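Undergrad: So the chains spell out like this:
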Amino acid sequence: MAKFIDSLKKRVKGLFPEKIHRKTIKSDYVLETENLGISFGGLKAVQSVNLKIKKNEIYGLVGPNGAGKTTVFNLLTGVYQPTEGTFYLNGEELRGLPQEQTNHKGIARTFQNIRLFNNMSVVRNVMVGLHNQDEYKCTVLESVLRLPRHFKIEKKMRERAKELLDIFGLKEERNNLACNLPYGKQRKLEIARALATNPKLLLLDEPAAGMNPNETEDLMATIRLIRDKFDMTILLIEHDLKFVSGLCDRITVLNFGTVLAEGTAEEALNDPEVVKAYIGN
Amino acid sequence: MKKSLKGFTKHYLNYTVIGILLVVFSILSIVSPTRTMADLLPSIIIAVIAALSLSLVVGFLGELSLGHAGFMSIGAYLGGKVAIALMEAGDFEATNVLVFVIAIAVGALCAAICGFVVGFAALRLRGDYLAIVTLAFGEIVRVIFTNSGKETFGGALGLDNEAQFLGQKRIYILIIIGMVLVLFTLFVIQNLLRSKAGRAITAIRDNEIAAKATGINVTKFKLMVFVISAAFAGIAGVLFSYSKNPIKADIFDYNYSIEILVIVVLGGMGNINGSMISAVLITVLNNRLTDLLKGDAAVYKDIFYALILILIVIYNNAPALKSFREKYNLKNLINKILRKKHDPSEITNDAARWDVVPTKIEMNEVLSTDIVIDKVGRGDDSADILERGGNK
Amino acid sequence: MEIIMTIINGLSIGGTYAMIALGYTMVYGIAKMLNFAHGDIIMVGGYTIVLFFPISPIVGIIASVIFCVTVGIVVERCAYKPLRGASPLAVLITAIGVSKLLQSTAQSLPFIGSKPKGITYNFGNLQIGSVSISVLTLITILCSIAVMVGLTLFVKYTKTGRAMIAVSEDRGAAQLMGINVNFIIMITFIIGSALAAVAGVFLVFKIQDVGTTFGAMPGIKAFAAAVIGGIGSIPGAMAGGLVLGFIEAICGMVPALSPYTDAIEFAILILVLLVKPTGFLGKKRREKV
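Residue numbers (the numbering used here), protein chains in the order written: chain A, 1267 to 1547; chain B, 5 to 396; chain C, -15 to 273.
Each hint should be verified, as a subset may be incorrect.
Below, computed lysine to aspartate or glutamate pairings styled on EDC-like, alpha-carbon distance capped at 16 Å [said to hold, decoys possible]:
no.	chain 1	residue 1	chain 2	residue 2
1	A	1451	A	1481
2	A	1318	A	1515
3	C	16	C	193
4	C	260	A	1272
5	A	1320	A	1350
6	C	99	B	300
Since the hints were derived computationally from the structure, they do not count as laboratory data.
Fair warning: this is a prediction, and the values are worked out from it, not measured in the lab.
Construct the complete structure from the given sequences, taking the supplied hints into account.
TA: This is the structure in structure tokens:
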């Protein structure tokens, strides 16, 4: 019974997130993590990760399988709550926020295994991304009563979505179902949707997974384009070291949830610890 | 011209058809109410509203609900009770529109509150687990009404609503208000779905995790869908209370919920007009067969109904029949009759249309996907974090 | 005294539910579908024993098992097999159709009809100290224990049983390992139907009144039991069945509660699911992010 009451309390708390006092610090970095870590029942999945990502940087997070890279992403997007440490976006502490609010604050992500809204058209996928912005605000009542604002906003959203799709070369396919797109375009659509949420920091989880060299090349160009065109800061996870060293300004190498090395790609990848982790003694 | 016609059929054809039917049947029911009309039309109206409201949950939010009749019985009992009380208090006739409207408002509100409560379960559970919870909800409501006191809701004998019962002569009031409510339901649900909120709801259906990461407030929309759906089911229940005497809780058992679900599924999941058409067809078929087969022969109706149901589902879904299905289907038949040539350049899968968005409910995939670890440090998470941390 | 009676009643009701729930849970675990028609297999078993009982009780029981298994196989082959690989909702709707078909077909048969039939047979009572227990209750308890032990051993130690586990874990992989998935699913239906037949027999002796919808309520409750225990898990189905059985026995003892038995059972189901969404022993399945 006590357990049940506990669970109920937790449930209610989950609905009305407790007021964590979140600090604001002065920070020159877009993302700054402070001893970020999480443990699951004694197993420390990630510990003391300190990332400092500058504006306009493409930052890589690499490491062997099971190193905790995706867990870091899940911590940064509010899927998991950190058990230790905290993180700041432009100096604003975001620890403890639920996923959708983390997104509102300006962190958008893509997924390792593509997660699109498969039964919706391509353009609608992107339009969903625009929902969180005040610029496209329209209450349910306004929509149901079909007030002029509804039509205005819908038109505006559609135009904006088309613009975004145009950048990714998906404009022609905008009325297709998302699940009917080829693999490479699905990846691009996922990035477009993340960008539509107007983030300050974009997290890409293995964007080049399953791509052939040509597509990878193309993707690298797209990511650079995103950085320049949207003035974006990007944190990405990738296994393809050529991809990482060709694209990232700086990287952090994780192993068993801890930071092995950081610095420019060349420095970090030649670090003896990193070589040991990847190749062995 | 052609384009505007297409836009018209897309947005307003269903309103127009219902509007015309509203006028026709209002006149008919005032001038010469027949028994068939008094039996059939209210059931059709109730079925249409119930199916529309359920399709919001099943077809668009992608959650299976087997307790829709529970919401209807709440509407029927509480709306009916309020109507009777008002009539007694003010010495009103059953045809009093004001009483009718108040009853509908009360029924919808009470059902909506229950929908809110069930919606909380939907925040935590998905797929068949939610299905069994909704089923349980419906049964609990039924048991409570069946065992209620004689003075409150009539207990096992049902709520005696003689005062409220319209009968054949006065049925026109139910038909007019009912059809206006059908229009209202369609207006709200269709506009809701063809808007920002509808996009968010279908996004949750397609991928809840991605929806959260894209900034959609899943809690809000899930509760909203359950509340709206329940409110309209409550309205259908109030209409029911005007057409039957007495109101028995046993009618609203899980079989009734399943009947509504069958209507929605046969109408094509996530297809508003399909749900309405199938509600009309199935109710008419049921009614006609009941009239044709009386007494002991009535079971053949059920056999027939069950067989049709099984065959349609197998025809529509069996993987082995895919090529057969593509060759012989209703669309091709219509095209053949209209001598339309198939144009391969046409986008057949036009996802820009709302009414054809298909739905998949992958029950085995959606088992309790509460991915937020609500109690960090739980022992049994250690095993799957190893797995999760791995990048496949 | 009351307490002992309640416990024994609970065990007997719970055992019956557990047997039906096992059918639900195995079919769910292996064929990945909710077999809504499972309750109606109970009804088939019930009518068979009613019809064959005058010849001989043993013949009746055997006939009812054989007949239920046949119906189970036919239903699986004709209605569910064509839909293998289709969306689970389609299969669910078909199962609902099958349930209605079985009910109405039974009603249309001249020797069954729409009026309830029944048998009265007094098994006698066993006097232990000051407690008098019906022999039927004892047989039910012993039989359900035997079934549970037997089934657990079967799944753990036979080749077919292990193949069942494999299919429930990953159908595709099992197929690649040379397991005949269709055969395994059929075996599952056979076991489930046989258990439903046995449960049907016990229910007939207990209720002594069989109508065409007689299996529906036990079926739904057993489904609830399977979910409480964690659907897909065999020990879970047993635990869930026993929990519901005890609740029912306790409610039966308190006059104020007895009309609300069903509501209380379902309310507990909802509470269990809200606190532990996978049931007592269900596998935790989280979507990976």
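Undergrad: For each hint, tell me whether it holds in the structure or not.
TA: Hints, one by one, checked against the model:
1. A/1451 with A/1481: With Cα atoms ~10 Å apart, residue 1451 of chain A and residue 1481 of chain A stay inside 16 Å; holds.
2. A/1318 with A/1515: Roughly 12 Å separates the two Cα atoms, so the pair holds.
3. C/16 with C/193: violated (33 Å)
4. C/260 with A/1272: holds (12 Å)
5. A/1320 with A/1350: Violated: residue 1320 of chain A and residue 1350 of chain A sit about 23 Å apart, past 16 Å.
6. C/99 with B/300: Holds, because 11 Å separates the two Cα atoms, which is no more than 16 Å.
In this structure, the hints that do not hold are numbers 3 and 5, in rising order.
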